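**Student:** Here the protein sequences line up with chains A and B, keeping their order.
One rule links them: number in the working numbering = place in the first sequence (from 1) + 75.
One rule links them: number in the working numbering = place in the second sequence (from 1) + 1.
The reader is advised that the hints may include incorrect statements.
Said to hold, decoys possible - Not the full set, but computed from the structure, chain B residues with beta-carbon under 10 angstroms of chain A:
1) 331
2) 334
3) 828
4) 829
No lab work stands behind these hints: they were computed from the structure.
Please read all numbers here as calculations on a predicted model, not as lab measurements.
Glycine included, every Cβ here is placed at the ideal spot set by N, Cα and C.
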Amino acid sequence: MNYNEIEFTLNGKKVGPTKVPEGTMMIAFLHEYLNLTGTKFGCGAGICHACVILEKTMTGHNTHRTCITGVAAFNGMELTTIEGHARIDVKTQEMTLHPVQQAFIENFSFQCGWCTSGFVNEAVGYYEELKKTPIAKEQLRESIEASLGEHVCRCTGYVKYYEAMETLILSQPELIK
Amino acid sequence: MKKFTQSRRDFLKTMVIAGVSVSFASLTRAASGREQNYLYKPTQPWAEGNQAKHRVDAIQKVTGQKVFARDFRSKDFTHWPDNQWHGYIVCATQADHIFKDINLSFLEKPPTKVILSEDLIENNIYLPEFHGEDMLLPKGKTAHFIGHPVAILLFDQFDDFNAAKSRLDFNPNLVEYGDKTPLYERNPYAAWRVIRIAGDKTEGVDTFSPFKDGLFFPAYQLRQPKWPTTKNVNGSLSERGMFYADKIIQDMSNPDLHVVDRHYQTQIVDPVMLEPEAANIWYDDKEKTLHGAVTCQDPTDFTEMAVHMVKASKQGKETKNLVLYSGFVGGGFGAKDHSVFPFYALAASLFSDGNPIRIANDRYQQFQSGLKRHPFKIHNQLAINKKTLKIESLTSKSEVDGGGRENFSASVASAGMSAMQGIFNIPKSDLQATAFQSRNVASGSMRGYGSVQCMPVIDLMITQAAAELDVDPFEIRRKNLLKTNDLNTQGAKIDGELRYLEILDKAEKHPVWQQRFTNKKSYEAINPDKLFGVGYSLLSKNYGTGNVGPNSAVNITADGEIILEIEYMEMGSGAQTSQGLLTHDFFGQAAGEVKIAVTETWKALQLYETDNPYIISQEKQDEMSKDPLWTPVKHMASSASDSATFQTEATKGACNIVYLYGILPAARLLWKLKTNADLSNAKWRDGKLTFEDNKPLSLAILAKKAHDQGLITGSVAHTVNRWSWTEAEFEIEGDKRIHSLDALAVRYGNGATASKKQSMDNLGYHLIKRNWVKYPSTSYNNAMVTYYAPCDCLIELAISKHTGKVEILSSHSVLDAGPVISQPIVEGQIQGGLVMGLGHVLHEYLPSFEEGAGNGTWNLNRYHVPMARDVNVWTMTSEILPTSDKTARPKGIAEVVMMPVISAVQDAIFHATRQRFDQTPITAEQIKKRLNG
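Looking at chain A on its own, in the form it has when it is part of the complex:
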């Protein structure tokens, strides 16, 4: 068995350097090595996007499908999984959700929740990009569709996810140009 050495930042913490067998997908690494199971396995073929995690780059945000991407491909990246978006006050232990997470729960956006991790990561990346590059109001719906359009949800019909994003963005004038 051959091994790759991997090292990256995940949810603000350094992972590695450590050796992982070649061919190990990122989702398997998250689940079996780090015991972070919030990232969900849906199709294993890169179609459903349930397994998407977020990368913060020097210039913006990227998302990656962890079920078809080997862990070694993430070397050097700064990554966030579903477990890393909410902020916990060290003193009070109170949790503050990311505005996208808050919007999703207030709008009853998900049901079974298996697709939620992927939707949150994609939507957080999209939301953070809007802070830098606001969108015209008349292009908003099309923009939401382009952002979330590859994610499969089997329970909800997508409506409450999309409405949550529209409501959230419209409530923040700085995201609209």
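With the hints as your guide, set chain B onto chain A.
**Tutor:** Quick look at chain B alone, frame taken from chain A:
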């Protein structure tokens, strides 16, 4: 709806092995300290008044906490060994050749262990009777179906498993086959025939019907049902039935009748619940305890079957305990209801040298092994009187492909048949449905349960008849609508208010319908390469299983916190949230904690069953009912369409006991009223109990008083529904009353007297035996269904003339859900259901047999579930009918919401193209072919 019918032998077995203690634990509670790092208890309540601010499970799910059974590994569980073994199930993909052996020579490192059929047989390990035979196919035999498991490979390290999996997947050399053989065959799983001739008067007694006269069944010849041939109006049940069946056919030749004669076909559909099945099982040989965390919708039935299986094995014959850790289900849609999957992990755990075993399907494996929606082939003849436009008769014959394991095929066929009438009053009918065995992957209780295949058909036939008779489709619908107390095709009275007329009126007045012709003209003028169509359908889904025994428990702490325990699993449909809101009417606030999938607490009721509730005689039921610990049915499986109706009854029943005998007596004391003061007008307002001019009281104050005084602060309740509710009299605190319950246990507050405390000897509860009980009559078993929930769909679509692609422009649904517990939860069901219906009618398709899911090569790259771009996300509207009927009960709506869109889309495609399609899915390719010849 679902029916799980155990044989009498199984019931007895359950009693014999009562020595095995079966217990249940919450996954998150059972997990280790390491897992606790991800747990977060919300500091803010999830509900305000009787409104949910968000789902109970929202924060756990949106922050990725470990809450699903698939999330867990052995290292997450306290006391489990850390080292997790991993299993891989090898399947035969040829069902026409002998299975010779498996070949693992291409693996770099062999599995730690290989389990073959001979190993199971040697150790007396067999599938539960419900799942059939040949758990692993023995060498030398032919697979019963494509995808029949032949071996389980065990790996003691994840890295070895992972490396091997990449070589095992899709490897054509993995399974070796011998000579070609005939296909495996057996008689159909079931054949049903429901014949009804209404009496002369509409409200009269039927001349002949299953409800009045009973059901009869066929013999089998050449794998086909052979119905009796003797026809005699004065003869036996079957002879009379066949006489009337023949008469219906003869009468159809009447020239006054217009007969629509159509064949329809539905496809195999995969549920694609996004969480593929997974199971972690550990057999602790030292403690003789089987631990399991499995992705299942039916924890109670799973554990009962698991106990039988493990106790019968050589390794597990001394089993003393079974512990099931229940988590959330990442989508079910019926795929995790009585699935055979977890039993493979259970078998594997008996060979893993005391190490926990994990088997987790990937999506290819899930397609290959997971339960499907049954495909139906339907031949219908509908006769309508040309003058009166009244339906005279319907004949229907359905061939249902159940696949290679029986599962719920018999009951799905029956449910489909009984759904065939839709919303219409049909005075004469002969409905047949046969569930056949085939080499396809097994189908099960997937959302829609036969109705989704059958019910759209009748509405399509009505609209076709309207077009052929040149009458308005709304007019013909109105003339034939079922009304409350009409009889269904089984001859049973329809229960509850039917608001079909109201829904039809709304649809007919809707601008989309009113302007359909002008809109078509203008749309097609602007879009010359597209065809525009409007379609409509109103359907009414039967819900319920006919024999359910929901349990619920509620407790109020001395601080006024409400803890609710329900038997239901949370699959995403929102049962946990809606049940948690129900406490508001009794305690002025929603439950602080809602425990799901609880099964341990109900032992406080000490209930036992003896007979299959579907076939028990009235005499036996009457006799057994005298024993206050007997019940016809102890539990119910979780299904999305059942919680609102059935679980609610038990939850309300449990809450009512605490309200009547805990909260109200405490209020009387605090308000210094007489002990018999009538508080029936007391009301909760803004979280406080109010009565006349007395000072409003918070739950915290009332709870403290109730506890201090040793009043009733908790209760466990059970009831039974068989198309009617049970009633029983209980004497509680000296007060005799009739409740819609059959079993009850109560808990007294902290200040209870010593004797009261002593009486709480059943898991901390005091069992209160009923004085008498009245269970619904066993004759209701012939009714099959009597509960219905209607939903319609009005849809606008456009079709590309060049590609045949359908674009949904808008949709509007009206739903009668009865009293709504949580509006956003119901809206979510409507939206999600509509999209799943769109998948059924336009996109989702699995071929049969060798090219089908059993070959292990299917995934979402070629199985098209609706994406957002396939859906009218921004133009999907709905209306939930308000109800002022205070006696009405919430309806089961999770299935009906996906159905009318199917026939509405077909109706709209006809409006757009003047083409009728008789099979689903209606693909772009098929439309293109019709349009372009």
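**Student:** Now tell me if each hint is right for this structure.
**Tutor:** Comparing the hints with the structure gives:
no., hint, verdict
1, 331, "holds (4 angstroms)"
2, 334, "holds (7 angstroms)"
3, 828, "holds (8 angstroms)"
4, 829, "holds (6 angstroms)"
In this structure, every one of the numbered hints holds.
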